[in-house]
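Enquirer: Heads up: the protein sequence lines correspond to chains R and D, in order. Position in the first sequence (from 1) plus 27 gives the number in my numbering. Position in the second sequence (from 1) plus 27 gives the number in my numbering.
A couple of the hints might just be wrong.
Said to hold, decoys possible - Here are the computed lysine to aspartate or glutamate pairs in the EDC-like style, where the Cα-Cα straight-line distance is at most 16 Å:
| hint | chain 1 | residue 1 | chain 2 | residue 2 |
| --- | --- | --- | --- | --- |
| 1 | D | 61 | R | 145 |
| 2 | D | 290 | D | 272 |
| 3 | D | 180 | D | 211 |
| 4 | R | 224 | R | 201 |
| 5 | D | 61 | D | 131 |
| 6 | R | 61 | D | 145 |
Hints are computed from structural coordinates only; laboratory data are not their basis.
There are 2 protein chains.
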Amino acid sequence: MRHSNFVGVYGHTALDVIYNSDKFPSPNTTVELKSRQELFGGTGANLVRIASTLGVPTALASHVGSDFPQDFMDALKKSGVDTTDVVKVRGQRTPFVIMISDSEHNQIGFVDQAAVLEQDRLPIRTHTADSSKFVHIGTGRPSYMLKVAKRAKGRKKTVCFDPAQEIHYVYTPETLKAIMGYTDIFFCNSAELERAKSYLNLKEDVELLSYVNMIVNTRGGDGSRIITEDDEIIVGTIKADKVVDTTGAGDGYRAGFYAGLNKSLPFEECAWVGAATASFIVESIGAQNKLPTWDMVQRRAARRKCV
Amino acid sequence: MRHSNFVGVYGHTALDVIYNSDKFPSPNTTVELKSRQELFGGTGANLVRIASTLGVPTALASHVGSDFPQDFMDALKKSGVDTTDVVKVRGQRTPFVIMISDSEHNQIGFVDQAAVLEQDRLPIRTHTADSSKFVHIGTGRPSYMLKVAKRAKGRKKTVCFDPAQEIHYVYTPETLKAIMGYTDIFFCNSAELERAKSYLNLKEDVELLSYVNMIVNTRGGDGSRIITEDDEIIVGTIKADKVVDTTGAGDGYRAGFYAGLNKSLPFEECAWVGAATASFIVESIGAQNKLPTWDMVQRRAARRKCV
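Next up, chain R with everything else stripped away, as it sits in the complex (with noise of 0.2 Å):
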């Protein structure tokens, strides 16, 4: 089957609004938000646009609302990214997170759903899993996101389920349950990796492996691990110039995965093009700031490697 797309994304595409504060206020008190900043996020858009930026022929899916800014769509454009399905929802506001910093650099953070949560009565967009390869079922309703796996597993796609932070508020063992059974690849970091674990009643990592063919397990500063039936690879990871903020390095993780996998690597070269990959995404603030080219990542998978 000819594909137009390599990889298809189904996520979150939201604004991401940071603040600093004095302090966090206690229980019945209102503090002040100081030297905002807007900066366009979520799961979904940050994977594509970096995975685009890579070379990888991405789509995406996502509800945003009629407050959408064109400076985000023209972005997405620009980056690459097929946005036939992202679509704004009338009378909704495009979905938001807003992040506080207090002056010990803690962060509190709020999650808006907003347009997203229509997501339960909308039919299913079809474009982005219909015309890609893999097709990565991110962030969003449980309801929505089974519909999309059925139909990719029917059309015979490798699906690839990331719930990230939301397996944790979102989903339920049950709906859990019901996705992972159409799931060839299972994105997770190590505490997502224990959560799905604990809602399928199980107890090593490798029993996750009656249900998809492959975890991808990110761990942070402590690299990643790939867990197939035959194998368990360990990589580790690729220094940063610096850390400014780690906000999106999952979503370069797993761009780059998606770029060694266009480029036909095996899956441990995969890995660390991966985390060479999101060492630049936390050199800046936000996940769409500094978007690396393939040379960029190549060059430092080949040079910093720390095992």
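Starting from the known structure of chain R, arrange chain D on it as the hints suggest.
Expert: Frame of chain R; chain D shown alone:
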């Protein structure tokens, strides 16, 4: 001098965005916000809409953003407010407050001053002061409010100063003292009264009368006090049907107080009208959802006094 308005109010016109959340985030965590409600708010807009509905000719001076909702402007006009000085600042957002309630009904709040910060560089709007008998200086930038106080005083207006909660985090001893020098009537709740005395190095409430002619001290469920050289008038509360949300209770009191002054009632009766007005405001969410008429507050003020 003939005035087209009885009271001209300088203060915030803001959006109150109200959310629920299962719990508040501990440092370095994110929580999901639920059941969003957006209400018209801001101490300035609250005061004038309530006062206008009570039949008081009022003007409002506020800085809002280019995103200011037309239905909010329409509501102000429909209430009869002179909105000549409600100014959209290009490229800025309308000030907003996010209030988040947890499952135990505790609240935390976040204020983004947005367009109001521009007051530090903008010339003052003069129509509201020049057209009014009473000039009510509410929340906003101290540098701007000092210029308003000077102009109002120079034109023999009665200057009322009501910095509200901003006395704690926007004012300094110096900026407070500067505006107090032009003030005739000082409005404050008890915490704000303590802060004013501390900033001015005073011990007793009456010592404030070296700056102002009258202190109107609202005391929540304990009623209010009016302090002048001659007298200290203690006034009780008016019973609400049911207390739903105390947001805007203080603004309601002030609106009722002005309505009493506008009818040339004695101060004590003005305070009772203020309490009666507040008793309606607390019966609905936000401050601008249930606006009582003069007849409604008169009837309650006559029948429900609690001392």
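Enquirer: Take the hints in turn and mark each one as holding or not.
Expert: Results for each hint:
no. : hint          : result
1   : D:61 x R:145  : 14 Å, holds
2   : D:290 x D:272 : 29 Å, violated
3   : D:180 x D:211 : 9 Å, holds
4   : R:224 x R:201 : 13 Å, holds
5   : D:61 x D:131  : 15 Å, holds
6   : R:61 x D:145  : 14 Å, holds
The structure fails to meet hint 2 from the earlier list, while all remaining hints are met.
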